[in-house]
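Engineer: Position 71 (the sequence shown) corresponds to 74 in my numbering; numbering is contiguous.
Derived from the structure by calculation, the hints contain no laboratory data. Wrong hints could be hidden among the right ones.
Said to hold, decoys possible - Pairwise CB distance ranges, derived in the manner of DEER restraints:
1. Ala25 to Ala53: 39 to 45 Å
2. Ala18 to Val45: 36 to 42 Å
3. Ala52 to Gln74: 51 to 57 Å
4. Ala39 to Gln89: 52 to 58 Å
5. Ala24 to Ala53: 41 to 47 Å
6. Leu49 to Ala25: 54 to 60 Å
7. Val42 to Ala20: 48 to 54 Å
8. Arg69 to Gln89: 26 to 32 Å
9. Arg69 to Val42: 38 to 44 Å
10. Val42 to Ser71: 44 to 50 Å
Remember, predicted model here, so these are calculated numbers, not experimental data. For every residue, glycine included, the Cβ atom is placed at its ideal position computed from N, Cα and C.
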Amino acid sequence: MNFCDGRPPPLSSAAAAAAAAAAAAAAAAEGAAAAAAEVAAVAAALVAAAAGAAPDSPHRSEPLRRPSQQQQQQQQSKQQQQQQQQQKKLRRTQPDLSSFGKECMQQR
4 MNFCDGRPPP LSSAAAAAAA AAAAAAAAAE GAAAAAAEVA AVAAALVAAA
54 AGAAPDSPHR SEPLRRPSQQ QQQQQQSKQQ QQQQQQQKKL RRTQPDLSSF
104 GKECMQQR
């Protein structure tokens, strides 16, 4: 700063050129970062599209196989058995209130 009037001293031409070069480099770096971000976004979109289009099969040329009707029936029967077991467990833990009213009527 210039101590006499409080203004900064004038820039030399070399300092002005250096400041302009630094500003240009910063702008170029900012532009490069934005371009790199756009490229990364496009690449990520392409990877996601390729992953979505690829079948789940380890051999890409093989079509996906659906379970047979027998396998579907087996799976359904397993699910039904599991549901029945869960219902049995609930019956064991819940008191039987169906005979409660009958007992009360008999006591009168």
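Engineer: Could you run down the list of hints and mark each one as holding or not?
Structural biologist: Comparing the hints with the structure gives:
| no. | hint | in the structure |
| --- | --- | --- |
| 1 | Ala25 to Ala53: 39 to 45 Å | holds (42 Å) |
| 2 | Ala18 to Val45: 36 to 42 Å | holds (41 Å) |
| 3 | Ala52 to Gln74: 51 to 57 Å | violated (31 Å) |
| 4 | Ala39 to Gln89: 52 to 58 Å | holds (54 Å) |
| 5 | Ala24 to Ala53: 41 to 47 Å | holds (43 Å) |
| 6 | Leu49 to Ala25: 54 to 60 Å | violated (36 Å) |
| 7 | Val42 to Ala20: 48 to 54 Å | violated (32 Å) |
| 8 | Arg69 to Gln89: 26 to 32 Å | holds (28 Å) |
| 9 | Arg69 to Val42: 38 to 44 Å | holds (39 Å) |
| 10 | Val42 to Ser71: 44 to 50 Å | holds (46 Å) |
Of the numbered hints stated above, those contradicted by the structure are hints 3, 6, 7, listed in ascending order.
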